[in-house]
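*Asks:* One-letter residues, chain by chain:
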Amino acid sequence: MKLTVQVNEGPYQHQASDSAYFFTKAALEKGHEIFRVFFYHDGVNNGTRLTTPPQDDRNVVNRWSELAKEHDLDLVICVAAAQRRGIVDDGEAERNGKDATNIADGFRISGLGQLIEGAVQSDRVVVFGD
Amino acid sequence: MKLTVQVNEGPYQHQASDSAYFFTKAALEKGHEIFRVFFYHDGVNNGTRLTTPPQDDRNVVNRWSELAKEHDLDLVICVAAAQRRGIVDDGEAERNGKDATNIADGFRISGLGQLIEGAVQSDRVVVFGD
Amino acid sequence: MSLLHIVNKSPYEKNSLNTATGYCKDGDTLLLIEDGVYAAMKGGSASVNLEGLDVAVMGSDLAARGIAEDKLIDGISVVDYAGFVDLVEAKDSTQSWL
Amino acid sequence: MSLLHIVNKSPYEKNSLNTATGYCKDGDTLLLIEDGVYAAMKGGSASVNLEGLDVAVMGSDLAARGIAEDKLIDGISVVDYAGFVDLVEAKDSTQSWL
Amino acid sequence: MAEEVKKLMYVNRRAPYGTIYAWESLEVVLIGAAFDQDVSLAFIDDGVYQLAKGQNTEGAGMKNFSATYSALGDYEVTKIYVEKESLDERGLTLDDLQHLVWEDEDEDWAEKDSIRLVSRAELADVMSGQDVMFNF
Amino acid sequence: MAEEVKKLMYVNRRAPYGTIYAWESLEVVLIGAAFDQDVSLAFIDDGVYQLAKGQNTEGAGMKNFSATYSALGDYEVTKIYVEKESLDERGLTLDDLQHLVWEDEDEDWAEKDSIRLVSRAELADVMSGQDVMFNF
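Chains as they are written, first to last, in our numbering: chain A, 62 to 191; chain B, 62 to 191; chain C, 5 to 102; chain D, 5 to 102; chain E, 2 to 137; chain F, 2 to 137.
Errors might be hidden in some of the hints.
Calculated cross-link-like contacts (lysine-lysine; reagent style DSS-like; alpha-carbon spacing at most 30 Å) [said to hold, decoys possible]:
| no. | chain 1 | residue 1 | chain 2 | residue 2 |
| --- | --- | --- | --- | --- |
| 1 | D | Lys-29 | E | Lys-85 |
| 2 | E | Lys-113 | E | Lys-8 |
| 3 | F | Lys-80 | F | Lys-8 |
| 4 | E | Lys-85 | C | Lys-75 |
| 5 | A | Lys-86 | E | Lys-8 |
| 6 | C | Lys-75 | C | Lys-95 |
| 7 | C | Lys-29 | F | Lys-7 |
| 8 | D | Lys-75 | F | Lys-54 |
| 9 | F | Lys-85 | D | Lys-46 |
| 10 | E | Lys-54 | C | Lys-75 |
| 11 | C | Lys-46 | B | Lys-63 |
| 12 | F | Lys-64 | A | Lys-86 |
| 13 | A | Lys-130 | F | Lys-64 |
| 14 | E | Lys-64 | B | Lys-86 |
| 15 | A | Lys-91 | D | Lys-29 |
| 16 | E | Lys-85 | E | Lys-113 |
| 17 | D | Lys-29 | E | Lys-8 |
| 18 | C | Lys-75 | E | Lys-64 |
| 19 | D | Lys-75 | F | Lys-85 |
| 20 | E | Lys-54 | D | Lys-29 |
| 21 | C | Lys-29 | C | Lys-46 |
| 22 | B | Lys-63 | F | Lys-80 |
| 23 | B | Lys-91 | C | Lys-29 |
| 24 | F | Lys-80 | F | Lys-113 |
| 25 | C | Lys-95 | F | Lys-8 |
| 26 | F | Lys-8 | F | Lys-54 |
| 27 | B | Lys-91 | F | Lys-8 |
| 28 | F | Lys-64 | B | Lys-159 |
| 29 | E | Lys-7 | E | Lys-113 |
| 30 | D | Lys-95 | A | Lys-91 |
| 31 | E | Lys-64 | D | Lys-29 |
| 32 | A | Lys-63 | E | Lys-64 |
To be clear, the hints were calculated from the coordinates, so they are not data collected in a lab.
Chain A on its own, in the form it takes in the complex (with noise of 0.2 Å):
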C-alpha cells in the first residue's frame, strides 16, 4: 500500500517522532510504498541538522535523514509551522533574512498541500503526535 506519515512533535520531548520512524521503517521493510512523511506543527524541529544528542541516546534526526537517504524518502517540514518555529532552509533565509540556516539532509520546506496531496494519493494516512 501507499502510505503518507504525519509527524505532529519535535524530536526526545515526546515520542511520537520514535514511534513514526520505527513504523515508517517496518512499513519499507514490507515492501510498502512512504508517498511522504509530513512534519507538522513542532515536528518541524525534527528536520534541524543543529542536534547533538548525548552518545549513549539515539540521534533522531540523523535516522531521519539516513533513512530518506536510504529509501529515496520524501521528508517535507510545513513551512508555516516552520517560520513559526525559527526552521530554515536557504530560501526561507533569504525570504526572511535570516542569517543562517539549520535544515537537516534529506528534508525539504513546501506547503500544508503537500499533506492534503499525501492523503489523497496514498491509501492511508498515520499521524503520530501527543
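Based on the hints, put chains B, C, D, E and F in the right spot on chain A.
*Replies:* Structure of chains B, C, D, E and F alone, referenced to chain A:
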C-alpha cells in the same frame, strides 16, 4: 521578592511561554526582582533567532529578547536540553562541530546548575509547562 | 506554610486538576490558568472539584476562551498577572500541576 | 468499513482512551502504543475500558516500561512494528486519538 | 471522468489557545479546501470549546482565530459535526457556540446550518465511512 | 555558620519514555545533588511508573535510564516518596517497583530503604513544608 521562572515548552505549540512572559513582565512592573528565567526541556526552543511568525501574531522570541534588554534579565538555556534540540551559540558550535548558530539576542546557554542556583537564591520558583 | 497550586490543563483532558485538588490544604489557593480555566465554568461536570477551595482564575485566559464572568461558579476570584504575582508572594511556595 | 484506533496516552493521565473506546465499533481494532500500553495492565482501573474490544499492544513499548506479557489482561495481542503496519493495511482507515 | 474524491475528516479534540493545534488544524482545513475533496470537521472532547462564542484574546496577546470558523462556509466546508456528549459534560449547548452557516448554491443560495449536533454513536458511524482522518 | 539549606522537592507525575520529562527531571536531580540542599523526590500519578522494575528499551531504541534511580542513594538523595493512591489506581504495589536503598554513614553504613510509601494526605503535608517544588 526574588523570583526564578522556569519555562518547559517552546514557542507557539503551548501557551506556557506566553504565560511565563506575562508573569515575568508583571513581576518586574511590580518591582520584584527576576533572578533568572531558565528554559528547560522544549523551552530551549524559545531561544532561536530563526523564527518568522506571521505578522498578525505575537513574536514570542523577540518579546523575551526585548524584555531581557529592557530589564537586564538573565535568560538561561539549559545546555543538555539545547544539545538534544539544536539550539546553538558560538561556543556550542565550536565544541560540537556545527556550521551555524541560532541563538537569539539576550539568551545564553549554561548548565542545569543555574536552575538549582536560581532555586536556592530566589524566594520563589514558578514553573510553566505542558 | 501555605501553597499556591497552579493548574493549566483542562480537567476534561487531563488528570491535573483532580490530583491538585487532592493536595489542596486549608489556607492554600488554587490558581487556574490557560486551559485550566474551563474547570470554573458553571454547569460543567468538573466544577464540583472546586467546592470548598479558595480558587482564583486568570481573567485574560477566560476572555480568550469566550468565558464571561457570569458563567463562572460562585466564589471564584478573577485575577490578572499582577494578581498572579501577588498570589505567589502571599503563599510560601508554588506547585504547578502540569 | 473498519477502523484502526491508535491510542498513545496513558488512560490515567488523559481522556484519549476513554473517548477512543466510545468510538470503537464491531470489527474495529484498538492499538495501544507508547504510554497507551499502560491501559492493558492487569489490575489497573483503566483495563475495564478494554473489555469486549479487539486490542493490540506494541511489544517494544511494553518492554521499555517493564511490563511483562503475563501482566497483561487476557485476550490482548502483542505486535511489533511490522504487525502495526499489517493492522493499518487490514483496516480501511486509521484514527489517532492523541 | 472526475478524479476520485476522498472523504477527509479533521478531528479536533483540543481547546483553543492553550495549545496551537486548533489553529494549525484550521490552517490545514483552509489549504485543503482547494483540493475539492469531501471534507468534514468533527469537534469532540475539548474540541467543542474551539467554537465558543465571544472569544477575546487581547489580554492573552494571542491571535484570535475564532472568526475563521464562520468563514468555512465560503470555503465549501459545510459539514461540521459537534458531539453532544462532549457538550453535555461541559455544561454547554449549541447556544454557547458560534452559529455557522453556508449558502446552498443549488437552492438559490439559501442559508443553511453547518453544525450538525450528533451523538457519539452517530459520529462513530460517520467516522467509519471516512477515507482519511487528520488528528491534531 | 552554615549557609541556608533549602527544601527542594522534585515532583514527578509522568510515565517514562512516552515523554522525556522523567529523564530530564533525573538529570536535574543529579546535578542538583552537588548543591547540598535538603532534597526529596515525589512520585505521583503516572510518575510511579518511572520506578517500575525490568525496563528494557532495546526494542524502543531509547536510552534506558532506570538504573539511575538506584544510584540516587550515592548522591545522598534518600527521601523518595511514592503515593499509595497512585499505585492502587494502577494495580501496582511496591513489589512492582525497584528496591531503592541508601547507606547511612551515621550508622556504620547500614543499608536503608529510600522509598517511603505515603498516602496523598501524608504527601500533601510533606509538600506544604517545601521551599521549592520542581515540576516536570
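*Asks:* Evaluate each hint against the coordinates.
*Replies:* To see whether the hints hold, each was checked on the structure:
no., hint, result
1, Lys-29/D x Lys-85/E, "holds, 18 Å"
2, Lys-113/E x Lys-8/E, "holds, 21 Å"
3, Lys-80/F x Lys-8/F, "holds, 11 Å"
4, Lys-85/E x Lys-75/C, "holds, 20 Å"
5, Lys-86/A x Lys-8/E, "holds, 27 Å"
6, Lys-75/C x Lys-95/C, "holds, 28 Å"
7, Lys-29/C x Lys-7/F, "holds, 22 Å"
8, Lys-75/D x Lys-54/F, "holds, 13 Å"
9, Lys-85/F x Lys-46/D, "holds, 18 Å"
10, Lys-54/E x Lys-75/C, "holds, 13 Å"
11, Lys-46/C x Lys-63/B, "violated, 37 Å"
12, Lys-64/F x Lys-86/A, "holds, 20 Å"
13, Lys-130/A x Lys-64/F, "holds, 25 Å"
14, Lys-64/E x Lys-86/B, "holds, 20 Å"
15, Lys-91/A x Lys-29/D, "holds, 28 Å"
16, Lys-85/E x Lys-113/E, "holds, 20 Å"
17, Lys-29/D x Lys-8/E, "holds, 19 Å"
18, Lys-75/C x Lys-64/E, "holds, 23 Å"
19, Lys-75/D x Lys-85/F, "holds, 20 Å"
20, Lys-54/E x Lys-29/D, "violated, 33 Å"
21, Lys-29/C x Lys-46/C, "holds, 23 Å"
22, Lys-63/B x Lys-80/F, "holds, 28 Å"
23, Lys-91/B x Lys-29/C, "holds, 28 Å"
24, Lys-80/F x Lys-113/F, "holds, 11 Å"
25, Lys-95/C x Lys-8/F, "holds, 16 Å"
26, Lys-8/F x Lys-54/F, "holds, 28 Å"
27, Lys-91/B x Lys-8/F, "holds, 27 Å"
28, Lys-64/F x Lys-159/B, "holds, 24 Å"
29, Lys-7/E x Lys-113/E, "holds, 23 Å"
30, Lys-95/D x Lys-91/A, "holds, 17 Å"
31, Lys-64/E x Lys-29/D, "violated, 39 Å"
32, Lys-63/A x Lys-64/E, "violated, 37 Å"
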